[in-house]
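Peer 1: Single-letter residue listing:
Number of protein chains: 2
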Amino acid sequence: MKKTRKAKTLWKTRPVELTRVRFRGGFWEKRLRVNRTVTIPIAYEQCRSTGRIDAFRLKWKKGDPDPPHIFWDSDVAKWIEAAAYSLATRRDPALEKKVDHAIDLIARAQRKDGYLNIHFTVVEPKKRWTNLRDWHELYCAGHLIEAAVAYHAATGKSRLLDVLCRYADYIGGVFGRGRGQKRGYPGHEEIELALIRLYRATAERRYLDLAKYFIDERGRTPHYFDIEAAARGEDPAVTKRKVLDYFQAHLPVREQTTAEGHAVRWGYLFAGAADVAAETGDRALLAACRKVWRNVVERRMYIHGGIGSTRQGERFTLDHDLPNEEAYAETCAAIALIFFAHRMLQIDPDRTYADTMERALYNNVLSGVSLDGKRFFYDNYLASQPGVHRYTKQKGPVRKEWFGCACCPPNLARLLASLGRYAYSTSRRAVYVHLFVSGEARLDVGGRAVTLVQETEYPWDGQVRIALRLDAPAEFALALRVPGWCRGADITVNGRHERTDLRKGYAILRRRWQSGDRIEMEIPMPVETVRAHPAVRHDCGRVALQRGPVVYCLEEKDNGKNLNDILLPEHPDFEVSTCASGVLRGMPVIATRATRRDPSEWKGRLYRLDETPRVECAVTAIPYFAWANRDEGEMLVWIRQSE
Amino acid sequence: MKKTRKAKTLWKTRPVELTRVRFRGGFWEKRLRVNRTVTIPIAYEQCRSTGRIDAFRLKWKKGDPDPPHIFWDSDVAKWIEAAAYSLATRRDPALEKKVDHAIDLIARAQRKDGYLNIHFTVVEPKKRWTNLRDWHELYCAGHLIEAAVAYHAATGKSRLLDVLCRYADYIGGVFGRGRGQKRGYPGHEEIELALIRLYRATAERRYLDLAKYFIDERGRTPHYFDIEAAARGEDPAVTKRKVLDYFQAHLPVREQTTAEGHAVRWGYLFAGAADVAAETGDRALLAACRKVWRNVVERRMYIHGGIGSTRQGERFTLDHDLPNEEAYAETCAAIALIFFAHRMLQIDPDRTYADTMERALYNNVLSGVSLDGKRFFYDNYLASQPGVHRYTKQKGPVRKEWFGCACCPPNLARLLASLGRYAYSTSRRAVYVHLFVSGEARLDVGGRAVTLVQETEYPWDGQVRIALRLDAPAEFALALRVPGWCRGADITVNGRHERTDLRKGYAILRRRWQSGDRIEMEIPMPVETVRAHPAVRHDCGRVALQRGPVVYCLEEKDNGKNLNDILLPEHPDFEVSTCASGVLRGMPVIATRATRRDPSEWKGRLYRLDETPRVECAVTAIPYFAWANRDEGEMLVWIRQSE
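These protein sequence lines map, in sequence, to chains S and C.
As numbered in the working numbering, residues 70 to 712 make up the first sequence, in order.
As numbered in the working numbering, residues 70 to 712 make up the second sequence, in order.
Source of the hints: derived by calculation from the structure; they are not laboratory data.
Honestly, I wouldn't trust all of these hints.
The list treats identical chains as interchangeable, and a pair is accepted whether it falls inside one copy or across any two copies.
In silico DSBU-like links for lysine-lysine, alpha-carbon gap of 35 angstroms or less [unchecked claim]:
hint, residue 1, residue 2
1, 130, 630
2, 672, 226
3, 443, 573
4, 630, 360
5, 462, 360
6, 195, 99
7, 464, 573
8, 77, 128
9, 166, 626
10, 81, 181
11, 128, 251
12, 195, 672
13, 672, 251
14, 443, 226
15, 195, 251
16, 626, 130
17, 195, 131
18, 167, 196
19, 251, 626
20, 630, 464
21, 626, 360
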């Protein structure tokens with residue numbers, strides 16, 4: 070035990086490698102096929118047709134239209150990363166050729182000194198590194214690094230990785246505490262977690278050190294963003310208006326206890342901070358990660374796993390402030406939360422992390438893309454009223470083909486393409502099953518090959534069948550997550566009930582496993598009525614319907630107008646049936662009875678002293694992530710219930 | 070009867086002149102004293118200290134700080150108008166001297182051609198009349214005209230009136246359908262109603278014609294705002310982003326059927342349109358006024374009489390879209406609604422107009438100023454959560470000492486200072502009592518002097534005693550408004566119950582009146598639970614407490630946090646008692662019992678499947694207009710009720 074305590078890293082488990090997971094049947098095979106065959110090609114086509122890829126040719130000149138934007142590099146990088154994950158699990162020479170072509174342009178765009186950024190090479194070459202706060206150079210660098218690592222892992226080709234190592238080395242020269250270096254850090258975090266990936270891919274300690282530097286330097290006084298603004302000759306009053314907590318730069322990272330500011334930045338920062346904490350054995354940093362984690366999941370997270378309560382600054386606001394119609398809950402922010410959760414989970418196999426990952430995945434993330442894979446939500450409301458978005462400047466209740474600020478679609482594409490990594494972790498003596506996904510995983514458990522075959526219709530059905538294939542019998546623990554949303558699961562091994570330890574939400578089956586052993590897990594999936602904390606003022610007197618990990622919603626299409634007037638009885642009966650046709654085919658829908666008022670009884674009156682009678686009505690709820698795939702109309706997650 | 074039909078104007082009654090009403094005792098004497106002794110002096114001091122008055126000296130030069138803003142003239146004008154009303158009912162030589170001094174500066178600021186505007190004389194002299202859409206020249210002119218008319222009526226001094234007649238004549242030369250004239254109309258309406266007042270003060274028909282021109286021209290194609298933008302060389306794309314309905318210029322006024330755009334502009338426009346319709350006998354225009362009126366009171370008005378559902382554009386949105394926390398409900402908009410209502414009421418003595426006037430007055434308008442008269446709300450929310458305003462860009466739940474855009478405080482001051490005019494109307498054969506206010510009114514009923522003395526504690530008590538004083542017995546109808554919010558009133562004349570006709574909400578007492586006749590009206594004032602139409606999604610399952618015309622609210626100060634979790638029972642018992650001390654002294658407060666959850670039972674959980682028990686609690690509601698006069702905290706108008 071002493072040995073463990075002295076171990077340098079804090080990792081308890083490592084996620085399975087992507088190439089070792091194959092999805093077969095069930096919920097995900099089709100979704101991932103749509104991602105591969107529809108969404109990733111769209112991401113490419115958008116990058117191509119908007120000139121983002123060609124921009125790496127650096128041909129843009131002053132006076133030309135459409136100057137390359139400071140985000141463009143990152144859009145291409147995320148497409149490459151998504152393509153890499155796709156290639157890792159399924160060869161596709163045509164796709165690989167496209168990526169190689171883009172990589173060729175990127176490599177040629179690198180400056181002699183290693184610098185690599187379109188905008189600050191052709192549009193504002195004199196402004197390189199002059200505004201880390203608002204411009205996105207380090208952010209773009211981070212995404213290019215992630216793409217390089219992913220593409221190298223998928224194909225073995227090292228050209229992009231070499232380019233990005235040079236860029237990272239150059240960045241390491243520019244930033245740091247040495248003489249002549251800038252003590253800066255990015256306004257939009259991302260490079261921290263990317264550098265850790267580069268460190269793992271290359272085993273070059275200097276990348277870990279640079280990531281650690283960015284984490285450590287952040288939020289120190291005097292504030293670098295102020296110093297930098299003064300150097301630009303900016304009016305301090307203008308700088309003051311930029312709130313440091315928007316950038317998570319109000320305090321050193323170790324001293325932060327609440328989740329503040331722009332939600333995507335926050336998630337990327339703390340994913341990187343968890344990485345640095347684990348790699349360097351930094352328990353103080355890990356403690357800060359745990360604190361902000363708790364603040365989010367106990368006070369600042371929507372039921373669909375979304376974070377960021379307001380469009381203004383795309384940011385966190387206050388504890389329990391979770392407005393539904395005005396929610397921001399950016400798709401990227403839910404993805405960033407998953408990144409953070411996934412890292413924390415490897416440090417501490419506690420279901421709080423996997424439950425949250427799953428919550429965000431099946432709800433906020435999946436809602437970010439239409440069922441056909443072609444259209445995208447940037448912000449993911451939990452209630453919607455047609456027409457009002459014209460007046461609120463929200464993006465509105467119809468998924469868009471693309472966005473000018475196009476962060477979400479390729480982010481979603483890369484997350485889904487790499488989903489396998491999130492399903493399992495292993496340590497020397499244990500296999501953790503975090504997600505229930507149909508398919509096969511070839512795992513390494515302390516040097517022994519263990520193949521685990523899951524069969525399940527999860528999340529539509531709670532029955533999970535797992536078969537093990539081993540070269541030889543082996544002793545290890547199989548840890549199955551018992552989701553926090555269920556009231557208990559039933560587990561059998563080879564048909565016999567097993568008494569299991571429940572540790573941090575995982576049922577631990579420890580035995581000498583034989584090839585052919587079969588584990589069955591039955592997770593009851595009744596329709597649950599979920600309540601929110603009394604301080605969540607928007608949800609008082611309301612329940613959300615959840616079945617398994619899937620949050621449901623009402624749509625006008627099924628229920629008519631005035632969804633907020635619908636009142637569930639105190640003890641509703643729910644019937645679940647599978648939708649037989651249309652775009653929702655195959656999905657369980659929930660039917661129940663409720664009451665509502667008849668607006669025609671109001672005859673033009675807006676207010677009245679006497680109440681009109683409530684009449685009974687049928688109500689149908691559909692999975693939240695599937696909303697807005699039919700006609701535009703009202704939508705509601707939190708439904709009123711009689712008290 | 071034929072004679073009436075041929076009458077040129079559509080006025081059925083005329084409002085009492087301000088000088089003929091004296092407030093004594095009851096609710097208003099004190100409020101109006103605070104307005105006179107605190108708010109009007111503050112308005113002056115703000116105009117003075119911010120340089121708004123001195124700006125009329127036209128000393129500002131390029132390079133000087135604080136260039137006079139395009140609204141400044143109107144702020145000074147509204148102060149003068151408020152001061153004029155105050156002087157009309159109570160001499161104050163010191164105040165009159167201040168006004169005369171300001172008028173002297175204004176008169177000297179007039180250009181030779183009659184033009185009179187600070188900003189476009191000293192800051193951008195070349196831009197005169199080049200952007201009616203966004204700049205406020207005609208708006209400022211309108212307010213100066215109103216000030217001139219009011220000051221002339223109050224003091225008999227004609228200097229300002231002469232100046233403004235010259236300015237109006239100059240404007241009449243610039244705008245119109247003649248050769249060389251601009252076919253423009255204001256982006257911010259106000260001059261229309263002002264010109265009607267000028268017409269009545271001077272009997273010069275050309276001012277009526279000019280008002281009618283502005284009303285008639287508005288919204289015609291090709292759109293003047295587009296023509297003007299093209300003349301400025303503006304990119305049509307930029308112009309397109311400006312939505313014509315924001316300015317009520319999307320359609321000719323006669324063709325408008327819904328209330329659209331900026332709520333204050335809308336109210337001023339339709340107040341002016343009602344004036345023009347009545348003065349010119351234009352029934353088509355009157356029909357449009359009625360249509361938009363109905364659209365507002367049946368679909369787009371808050372229970373506190375506020376209009377304008379969103380901060381974005383300070384505007385109307387959609388039918389039944391009345392968010393509470395995000396309400397805009399600008400103080401000026403409620404005042405504008407009162408202006409419109411007051412004009413419609415003279416055309417058609419229907420209580421819908423007086424009820425709405427009263428609703429806006431006792432709730433949204435009074436909430437616009439603190440009880441001590443020193444601080445002001447611009448936007449008047451119906452629910453408030455401390456802290457969230459930092460993230461929503463709302464002005465927040467604390468009244469401010471003043472505003473950069475200072476329209477509301479002096480607007481409120483002038484409305485309150487002229488309140489007498491809203492209380493009564495007369496025709497040749499009738500006296501209408503619209504508002505129940507303690508004091509004396511010397512009325513002219515078809516040439517006969519009728520003095521009406523009201524004694525009442527309204528709105529705190531529904532008993533109204535009216536005594537008549539006449540030189541000689543006279544036959545006329547006394548029409549007493551029976552408020553729409555009450556279920557019926559009890560009326561006696563000289564102690565005897567009278568059977569009365571109820572016509573459009575007015576109890577008509579027609580008889581030969583003697584001096585000394587006493588009328589008593591008992592309007593029951595139980596606490597009512599008011600419901601909103603089922604399509605008002607923010608109010609479903611909720612009730613507002615109203616007693617008399619006064620809407621109540623819950624404040625954190627009395628009820629603790631998490632007001633939204635409070636649940637009234639299906640049949641609540643209410644107890645009303647008079648507050649004995651503190652800033653609310655003398656106000657009836659409402660006590661009742663409700664239930665709420667105990668947040669401590671949640672132990673850090675944000676969502677849960679099982680409900681926690683509700684515990685009984687005491688609840689105290691205070692008049693809405695009095696909120697935010699104690700500690701900052703939560704506030705809620707629409708309270709959840711068990712169903």
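Peer 1: Next step is simple, just say for each hint if it's right about the structure.
Peer 2: To see whether the hints hold, each was checked on the structure:
no.: 1; hint: 130 / 630; in the structure: neither (53 angstroms within a copy, 59 angstroms between copies)
no.: 2; hint: 672 / 226; in the structure: neither (71 angstroms within a copy, 52 angstroms between copies)
no.: 3; hint: 443 / 573; in the structure: neither (39 angstroms within a copy, 58 angstroms between copies)
no.: 4; hint: 630 / 360; in the structure: between (42 angstroms within a copy, 25 angstroms between copies)
no.: 5; hint: 462 / 360; in the structure: both (33 angstroms within a copy, 29 angstroms between copies)
no.: 6; hint: 195 / 99; in the structure: neither (48 angstroms within a copy, 66 angstroms between copies)
no.: 7; hint: 464 / 573; in the structure: neither (39 angstroms within a copy, 45 angstroms between copies)
no.: 8; hint: 77 / 128; in the structure: neither (48 angstroms within a copy, 74 angstroms between copies)
no.: 9; hint: 166 / 626; in the structure: neither (44 angstroms within a copy, 67 angstroms between copies)
no.: 10; hint: 81 / 181; in the structure: neither (41 angstroms within a copy, 86 angstroms between copies)
no.: 11; hint: 128 / 251; in the structure: within (30 angstroms within a copy, 49 angstroms between copies)
no.: 12; hint: 195 / 672; in the structure: neither (67 angstroms within a copy, 54 angstroms between copies)
no.: 13; hint: 672 / 251; in the structure: neither (69 angstroms within a copy, 45 angstroms between copies)
no.: 14; hint: 443 / 226; in the structure: within (30 angstroms within a copy, 72 angstroms between copies)
no.: 15; hint: 195 / 251; in the structure: within (16 angstroms within a copy, 49 angstroms between copies)
no.: 16; hint: 626 / 130; in the structure: neither (50 angstroms within a copy, 62 angstroms between copies)
no.: 17; hint: 195 / 131; in the structure: both (13 angstroms within a copy, 34 angstroms between copies)
no.: 18; hint: 167 / 196; in the structure: within (31 angstroms within a copy, 56 angstroms between copies)
no.: 19; hint: 251 / 626; in the structure: neither (56 angstroms within a copy, 50 angstroms between copies)
no.: 20; hint: 630 / 464; in the structure: both (21 angstroms within a copy, 32 angstroms between copies)
no.: 21; hint: 626 / 360; in the structure: between (42 angstroms within a copy, 31 angstroms between copies)
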